[in-house]
Amino acid sequence: MDESAAERRRRRFLNVALTTHEGRTVRFYDDLIKDKTVLLNFFYTNCVNEAICPLTTANLVRVQKLLASRIGRDIFMYSITLDPDHDTPKVLAKYARAFGVKPGWLFLTGSAPDIEALRRSLGYASPDPVEDKDRSQHIGTVRLGIEPLERWAACASLARPEWIVQSLTRLEPKAAAQQDRHGGKSRL
Amino acid sequence: MSIQILKSDRRRQEKLVARYMQEIRDIAKGGFSRRELLKMGLVMGGAGLIEMAGMRGFKPYWAHADNAIPFISPPNTPFVDPLPIPPTMTPVKLFPAPTRQRNPNPAAGPGPVAGVVDVRGFTEARVEPHQRWREFGGVSDTDPGFNGTMLESIEQAVLFDFYPTRDGVPPSTIWTFVERSTGKVGPLRIKAQYGQPIVHRIHNALPDDNGGFGRNQTTTHLHNGHDASESDGGPLRGYDKNHFYDYHYPNVRAGFSSTHHTTTLNGRTVPGDVRETMSFLWYHDHEVDFTAQNTYKMLASFYTLFSNDILLDTDDETTGLRLPSGEFDIPMLFMDKVFDPVTGQLFFDLFNLDGILGDKMTVNGKIQPFLEVQRRKYRFRFLVGGPSRFLELSLSNGQPFFRLTSDGNLLPRTLIENSIRIAVAERVDVIVDFSGAKAGDRIYLQNRLEQTNGRGPTGKLIAPDNVVEFRVVGGPVNDPSQVPATLLALPDTNVRIAQRRDWSFDRKGGAWAVNGKFFDRTISAFPKQNTAEMWRFKSGKGWAHPVHPHLEEHQILSRDNQPPPDFEVARKDMAVIGENVIGTRGTGEIQIFMQFRDWLGDYPMHCHNTVHEDHAMMILFQIVP
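Protein chains in written order, with numbering that gives the first Met the number 0: chain A, 0 to 187; chain B, 0 to 624.
It is worth saying that the hints were derived from the structure and are not from the lab. One should not assume that every hint holds.
Said to hold, decoys possible - Below, computed lysine-lysine pairings styled on DSSO-like, alpha-carbon distance capped at 27 Å: (1) A/K64 / B/K516; (2) A/K132 / B/K516; (3) A/K35 / A/K101; (4) A/K132 / B/K540; (5) A/K33 / B/K14; (6) A/K132 / B/K537; (7) B/K58 / A/K132; (8) A/K173 / B/K6; (9) B/K14 / A/K132.
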């Protein structure tokens with residue numbers, strides 16, 4: 000890969016240190032994003048406002064089931080807390096257990112300034128300062144991406160789980176044979 | 000000039016980029032931090048350290064990452080390169096000949112001309128048969144053959160200089176339409192005539208390597224085309240590389256099989272309603288989730304539709320409306336862009352869901368080009384290509400525009416306007432008369448509209464930025480063209496309304512919703528074929544949304560229960576709602592009159608701030624018998 004592509008990829012993401020619900024310390028870009036296909040969102044365990052976070056997590060559990068064998072192997076899921084003061088690794092672990100989350104999906108916390116920077120750099124923000132302060136405004140979307148191919152999209156976190164899966168798999172290059180079958184299929 | 004990117008080209012480009020990066024690093028070593036230098040607008044150009052010149056009003060909108068290096072494009076020397084004149088496509092014979100059903104044979108024909116990808120062996124991706132195929136040029140329902148105009152393009156990667164060579168910024172890799180037979184590079188121009196159907200075969204030869212953004216699955220939408228759903232280029236009809244798709248454009252006026260089997264103008268009787276005659280359309284990629292990225296990457300071109308059949312907009316300045324024609328009819332695609340200050344490459348902010356703004360305004364792909372003009376009238380066709388910036392154009396000498404169209408559709412009468420606001424995807428045709436200028440005069444096309452983020456314009460007019468320099472040359476010339484006072488009457492809206500529907504366009508949970516829902520493949524409305532409906536658009540505070548329903552143009556009946564401004568008493572395919580959309584006023588509610596004539600199938604309606612569109616501000620409606 001040429002130098003400019005490597006630099007471009009690296010510069011697109013912050014490389015802040017985060018802690019997983021299993022208590023491991025990881026670097027956001029180096030350990031979680033680089034060379035991986037990922038599905039990531041922001042949430043917080045105390046989110047009771049219209050129950051969007053628990054509904055989202057439940058929805059993503061269905062996504063994890065649909066992608067079963069691929070999660071943790073070639074697709075990785077990350078949920079990053081917007082409330083790092085409350086959401087310690089222990090709290091996150093309990094939350095993940097309560098939802099029946101399987102391996103390959105990490106719940107992440109970190110220092111408040113790092114989480115804030117990460118949230119903004121991934122576009123979970125609003126130019127309206129009042130709206131920006133409201134955590135519940137940043138939980139509505141899931142980012143989907145294949146980092147090495149620099150293909151990124153986003154999807155509503157409460158979309159049908161099948162649609163979330165399609166939005167992700169649509170990003171993947173198709174094998175020649177598969178292309179012939181699906182090349183022209185109107186996906187309607 | 001087309002350049003297929005060969006291995007040697009890529010190596011050369013990598014070297015150029017590496018050298019550029021080294022220069023930037025050397026500057027950074029010189030005591031200032033890179034961040035400080037960029038803040039000062041100082042970077043290395045071809046002539047050494049130079050100051051950013053020119054476009055003060057355009058600033059990039061760099062998501063929300065206040066911890067990142069601010070992205071300020073490398074400086075450009077203004078008015079060095081001429082405005083690229085979009086080449087008109089040449090009709091060809093297609094091999095294999097087009098078919099109503101999916102073509103059973105792979106692409107054949109002659110080998111590639113220099114710079115063009117070899118597409119022989121590509122197979123057709125289309126699965127739906129063409130509607131009304133034999134009515135519009137198809138030879139038979141079963142046998143191949145087409146009696147109309149055939150055009151052929153290839154979507155491929157091309158090395159492209161947005162900057163003048165002397166600025167030392169390496170070329171960027173773009174994705175664009177390239178004409179297969181000639182190797183001419185987009186933005187291209189199709190010149191179509193009513194009554195002459197077209198098949199446009201578009202091959203997808205885009206690479207998996209996207210150079211940072213974009214998706215090599217594509218679907219080409221002809222914006223404002225009154226076309227069958229399978230040729231509409233909707234968001235879910237994308238096809239992969241090594242395939243082609245035959246788009247069938249009948250070039251027939253709305254109403255031809257329903258409300259107006261024939262109508263007459265200037266003694267000529269033609270199918271459809273003559274008052275639905277269009278002039279200026281465009282086509283661009285519409286792939287779900289990737290419209291903004293792929294269109295920004297330059298998958299956009301012009302489609303100008305002439306009406307010689309009714310002696311109206313004829314493409315000949317001695318007949319019909321006698322509008323400036325030929326070399327004096329020039330389309331301009333305005334797209335603002337950001338270039339990575341470290342690599343000089345075209346850059347797209349993938350995690351900005353509000354709307355993308357660039358600090359360099361390109362016109363037909365060049366930053367601040369010039370155009371030599373004779374002392375006579377010109378027809379300019381303005382198209383704002385997004386992703387998110389609105390413009391308000393005026394001329395530096397205070398001269399007015401003679402405005403012919405809104406959304407590329409002839410107005411009832413010519414309007415004289417000093418300043419024209421254009422939202423993303425809107426088109427405006429104007430006549431500019433340079434006959435009063437002297438040789439040597441420099442007149443600038445300027446933007447004065449302030450827009451600082453993805454929300455839409457502030458509505459305020461600020462100090463102008465020059466985007467095109469007109470250089471007046473030569474002595475007085477004979478000019479047979481004219482500025483007509485009256486153009487084309489509007490179609491009736493006094494039609495029975497079969498259904499009313501409300502659509503609200505709002506931000507929700509950090510993304511973009513229509514009626515509280517995010518786009519997926521479900522169908523939100525089933526209008527009955529050949530009926531009229533009243534649609535009401537609503538939007539809350541804070542954002543502007545240029546809304547675009549496909550299939551038929553509409554008329555705006557009211558803005559917040561008031562009549563729309565005179566330039567919107569027109570046939571429109573855009574309805575701009577939200578903050579600061581008319582002057583500094585916002586609109587909370589628009590009512591439009593829509594018809595769903597002649598065709599069947601599914602079509603989208605979406606926000607044409609393409610970043611909003613890609614983040615789910617889109618619905619599908621399906622026309623049912």
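Please work out if A/K132 and B/K537 have their alpha carbons no farther apart than 27 Å.
-> Measuring from Cα to Cα gives roughly 26 Å; hence the hint holds.
Agreement of A/K173 and B/K6 with the hint, judged by alpha carbon distance not exceeding 27 Å = Distance of about 23 Å is within 27 Å: holds.
Agreement of A/K33 and B/K14 with the hint, judged by alpha carbon distance not exceeding 27 Å = Within the cut-off at roughly 25 Å; holds.
Assess, step by step, whether the Cα of A/K64 is no farther than 27 Å from the Cα of B/K516, and give holds or violated.
-> holds, 24 Å
Given hint A/K132 paired with B/K58 - CA-CA distance at most 27 Å = Satisfied, since the Cα-Cα distance of roughly 25 Å is no more than 27 Å.
Hey, A/K35 versus A/K101, does the alpha-carbon distance stay inside 27 Å?
-> Within the cut-off at roughly 18 Å; holds.
Is the hinted pair B/K14 and A/K132 satisfied, with a Cα-Cα distance of at most 27 Å?
-> violated, 45 Å
For the pair we were handed, A/K132 and B/K540, check the Cα-Cα distance against 27 Å.
-> holds, 18 Å
Does B/K516 lie within 27 Å of A/K132 when you go C-alpha to C-alpha?
-> holds, 23 Å
In summary, the structure is inconsistent with hint 9 from the numbered list given earlier, while agreeing with all the others.
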